[in-house]
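Taken in sequence, the protein lines are chains A and B.
In this text, residue positions in the first sequence follow the numbering used here: the first is 1, and each later residue adds one.
In this text, residue positions in the second sequence follow the numbering used here: the first is 1, and each later residue adds one.
Keep in mind that the hints were calculated from the coordinates and are not lab data.
Just so you know, these numbers come straight off a predicted model, no measurement behind them.
Be aware that a few hints might be false.
With a straight-line Cα cutoff of 20 Å, these simulated EDC-like cross-link-like pairs (lysine to aspartate or glutamate) come out [as the list claims (entries may be wrong)]:
#, chain 1, residue 1, chain 2, residue 2
1, A, 139, A, 113
2, A, 139, A, 110
3, A, 93, B, 30
4, A, 139, A, 116
5, A, 93, A, 147
6, A, 139, B, 11
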Amino acid sequence: MATIGGVTAFLLTLAGAALAVGLELLEAMAIVLAVGSTRRPRDAVIGAAGAVALLALAVVVVGPLVLARLPLEPLQVVIGTALLLFGLEWLRKGVLRLAGARAPSSSLQEYLDEREAMEALPPPEPGQPDWPARIVAGKGVLLEGLEVVLIVAALGAGPEGLAPAIAGAGVAVLFVIALGFVLHRPLARLPESHLKYAVGVVLSSFGVFFLGEGLGVHWPGDDVALLYIAVAFVAAAHTQVAAVAARHAEAPA
Amino acid sequence: MRALRKLVLGETWTLPLGVFLTLALALVLDAVAGSTSLWRHAGGFLLLACVLVALAVSLAPAWRRAPRR
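If we strip away everything but chain A, and leave its shape as in the complex, we get:
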């Protein structure tokens, strides 16, 4: 039972981290590519690199301080709450998208919108730094990256430690960077809405699991509980998808 639980937790952490990080990075890449293709690529890269440096600094400075000062159980409550805040929001949007009540998630559309916004700005002066390009690229990477850092750190506090979270994140980083180099634009046919729905299920499941553990609750089956919690979320979310889709199908033409 312990081995099955360990493998379940490891695989769910790995898959959750890879999907969440991959999807967040696709959004960040869409912004950087849009800025780089409409302005000077060098300024887009400088803005993105500045954001990555800020995030790395935050991880190096804040991470050890938090881990050293907070005992395990309060830390699990904080992490569980944070994962629930992220996971349930992803799941809510996923339900609305799958029910047709919200536009599908598309990094390609984000790329096209960002290109349009950047083209409306006056062109950069030769020889001068392009601050609008740097700020837009930096802000995009900073906000998406902050979510990546929080999700990886939270999943890394799980029963299997940081290894599966970092491995999943590493795979996602390599995949997205390779995609950016090869295509120079986001993928058009990636089922982003379905993938985000799956990430919502995984993050919410870990959130409830950690919150319970932090409050001294015993989950029957220990780590296997992640599976039946995830099944409960899928069942509830599918019921919601059906209800919202039926309501929208009733709408007058």
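Go by the hints and put chain B onto chain A.
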């Protein structure tokens, strides 16, 4: 700040409110009945139920409001 608030709390107040109410209820129950077998064995399922209710409440506007076409 608006982007950061949206990042942490999302687009709706009902979900963060539901999560914090669940947390508050769990902390109260833990303080009152934390040492009992009932809380240790059933507390997790209560948390799960509260979170599922929060998700359902956050989606309630979408059940009620059909889109204009």
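Now for the hints, and whether the structure bears them out:
Taking the CA atoms of residue 139 (chain A) and residue 113 (chain A), the gap is about 16 Å. The hint holds against a cut of 20 Å. Distance restraint check for residue 139 (chain A) and residue 110 (chain A): the Cα-Cα separation of roughly 15 Å lies within the 20 Å cut-off, and the hinted pair is therefore satisfied. Restraint check for residue 93 (chain A) and residue 30 (chain B): not satisfied, since their Cα atoms lie roughly 31 Å apart, outside the 20 Å limit. Note on residue 139 (chain A) and residue 116 (chain A): the hinted pairing holds, with a Cα-Cα distance of about 17 Å set against a maximum of 20 Å.
In summary, the hint linking residue 93 (chain A) to residue 147 (chain A) is supported, as the alpha carbons are separated by about 16 Å, within the 20 Å threshold. With a CA separation close to 19 Å, the supplied pair residue 139 (chain A) and residue 11 (chain B) stays within the 20 Å bound.
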